[in-house]
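With chain A's structure known, arrange chain B on it following the hints.
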Amino acid sequence: MPKKTFENDESTKERLTRLGRKIKNQLNDPEEDNLTIETKVRSKSNVEYDEEDGRLSLGDRYSTRKFLNISHARKFMQTMLVASKTKELVETGRTASIREVYYQLKHSVPGLDENTFEDQDESNNVVVDIETATGAIREDLHLFAEPKGRLFGPITIDDSGDEIDCMAMGTSGLAIPSIVDHYEFVENNADFILVVETSAMVNRLVEEDFHKEHNAILVGTGGQPSRGARRLINLMHNRLDLPVYVFTDGDPWGYYIYSVLKSGSMSLAFQSDRLATPDAKLIGMTMEDIEEYDLHHVTENLKGKPKDGGGPTKDYKRVNDVMEYEWMQNKDWQNQLEKMLDKGVRVEQQALASQSLEFVAKEYLPHKIENQEFLD
Amino acid sequence: MANGIEEQEIQESDHREISVAEFFEKNKHLLGFENAQKSIITVVKEAVDNSLDACEEDNILPEIHVLVDEYGDDKCRVEIRDNAIGLSKENIPKVFGKLLYGSKFHKLQQSRGQQGIGISASAMYAQLTTGEPVTVYSKQEGQPCRKFVLRIDTETNEPEIMDEETITPEDDEFPGDKDYYFDHGTTIEMNIEAKYTRGHHSVRNYLKHTAIMNPYARVVLREPDGNKIEYPRVSKELPEPPKEIKPHPHGVELGVMLRMIDNSSARTISSFLQNEFTRVGRTSAEEICEEAGIDDGRRPNTLTKDEVETVLKAAQRVNLQNPPTNCLSPAGEDLILKGLKKELNPEFTEAVTRKPKVYKGNPFQVEVGLAWGGDIQDEGSYNELRYANKVPLLYKKSACVTTKAVETVDWARYNISQSGNRPQGPLYISVHIASVWVPFTSEGKEAVANYDPIRKEMKLALQEAGRKLGKYLKRKERRKIQEKKKRKLTSYAKEMGPAIAELAGEGDPEEFENLIQNMVEADYNPEQL
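Protein chains in written order, with the numbering used here: chain A, 87 to 462; chain B, 4 to 532.
In isolation and in its complexed conformation, chain A is listed as follows:
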């Protein structure tokens, strides 16, 4: 394999070196009695929603990670290990999956009854820390995740010199990798992008030839969309000027998926400009669909209704949480969620099969698109 070099390699190297020099200087400074790294606070308290922009962004609060603070020490050590590993990757022109990095760095710490990393969540978290500490994003650090998400549709993509006709992907589709920044869109005949929450619904639409008959790019996210899928939708929308419609279950989890695609997520708020697509609209399922398509008998009851003296749990709690988010404060959304609480039900995409299998592809989606019936 040829060496992988990216556009940002020089600046990435510089960013990582700067972090290393900072630690080195602290070590050589006799006045300095601790080692510190500054990372941005990545909790809800430091996430801001820009109404005009329609995106989440990270605020300016920094937290200082101190090596001699026993609750920081382990993470500090891990940060050094992962940062030096990524620098090695950039310098040697290789890429690695975050899982590979985890296994490369995991070993028992001599003298202690613990490993450098106990599970991949630990190393994944450290990667995001390094992103905010250095300003270099995961892709720049030569790290990628497992592919997640599938794509079908009338678009041809150049990936490292190979052209991929996404109309000729059979029933499998293009597996969306975690790094898509190098994609070139060679040819595009699509009219819109339809993002679909569940894999089963993607299969249904492909079987009904929806993408062919409606010139649609179908993106299946398989639940919460990965960084790669979000970046790809963002790129296609911006470069090809395609509208984005999001098709999820009619429940708080589905609506949150929509909100992540549209405005960004809290944990990756610092990358919303690359990952979020504020123009995305929700096509369904809505609470009105239950009336319109007579789905009363195929709804599911929401779980976790508050009982005497107790707060809501499960679905009910999630509805309340989503209603609280600053970026869900417009009237239509509040309305939608209130209706959900009133009815006490959720409705899945697959509920449409109660009419007929092809109903979703032949009636439901075409009707909504034709009448521009969206939630924004």
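Each hint should be verified, as a subset may be incorrect.
Stated by the list, open to error - Keeping only pairs whose Cα atoms sit at most 27 Å apart, straight-line, the calculated BS3-like set for lysine-lysine is:
id	chain 1	residue 1	chain 2	residue 2
1	A	K152	B	K487
2	B	K211	B	K471
3	A	K192	B	K491
No wet-lab data here; the hints were simulated from the structure.
Quick look at chain B alone, frame taken from chain A:
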């Protein structure tokens, strides 16, 4: 004996004198003889208490041997020897062969025994359960050793001497056929119905508790299987002996007062009050009489019962100085610490002796000791060592004020975990009340009554000691955390040295590691709070 009782029962009158045997039978549960397991502890306890009292009275470092042999079914031969000054030939039969004969009953002075009933009750128990008399050897300095074989006449409550012998110390040994030598002392042997057991309620535990509170005594126990346990002496200093005091007017009851009047030769009430009570001078005596509205010049024996009661009540209202507290003999913090250390080998000990206090005219004093860690096993709940006048209390723990006091303390504040209200962990708590009049919950003298002033004193003492323990544990915990932190950071430094060199693109990994280690070393402070 059984005949005697039957004969009495067929008499017509309802009123009759009861025999001591009958008295004993009816009251043996109060006297500690309700079952075979407890009885042997009681026998040992009564003898050992007497021995310790006797030794302390004459400033002798106590040397006490307890020998137990099993014979037959549930029968034991028990022998207790001491090195006190010994008893006179005349006293021996009465001390061991007559109930309610004692030297301490009439004294207001702290002592272990009180009523002169314990050791003779043991003899009674022996006689009733095995039919055998008790054998006593006693030797005073420079005198030959006297041997008595005694029974109690259950009709008359008088000793019956079955055999008497003077053993001439030919070869300077006392008693002649024993394998040890004391120049003076007393030995008692008796055969009793008994069950020798191990565990909390056992002779062994009783002696261990005794040894902790009396570390100036050397106690040796030989168990039935030949196992020999020595509780060594670790102090050659006896506690200050208690002084005898007269009663304080705030602490006497009407009956006692009437008896005192009977026995007094005072010519006037005023002089009666001044002579027979402590802390009553001429002014106070006059004040009491004036308060009672009774002429202070009257002869005491002309007062009616009601008038005496009026005087007594008046005395309660008159402000009197507290009684002197030199009638108390606390062990003292030093001895408590020594006792805990030698028997428990703990990591931490603390002792607190409170100043004497007065409750209803009776002085009392509370002392506590804490022992934590070391050889003490963590058995979940703490272990309690309860003492009244240095005598261990093994029974009725939950009814005792000591336990109540322990339970009112917020141990969590002192880094001791609690389950329910009880502290947990490898912890011994000893609580001692010294008083001329310990308010026991019952005649069995097994638990001290839960009186507010006493519990309050105990709580304060426990808190004072608890704070010290808490401080120690906190420091220990900190040290542990700091050491753990240092160990972690030291290991992390080894990981980080090479990573920093790679990241910075320059520098020596080992040098970086050393610099981090220096930083970790500088940060380490085991005393840091």
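Against the structure, the hints:
1. A:K152 / B:K487: Distance of about 17 Å is within 27 Å: holds.
2. B:K211 / B:K471: holds (25 Å)
3. A:K192 / B:K491: holds (17 Å)
Checked against the numbered hints listed earlier, the structure breaks none of them; every hint is satisfied.
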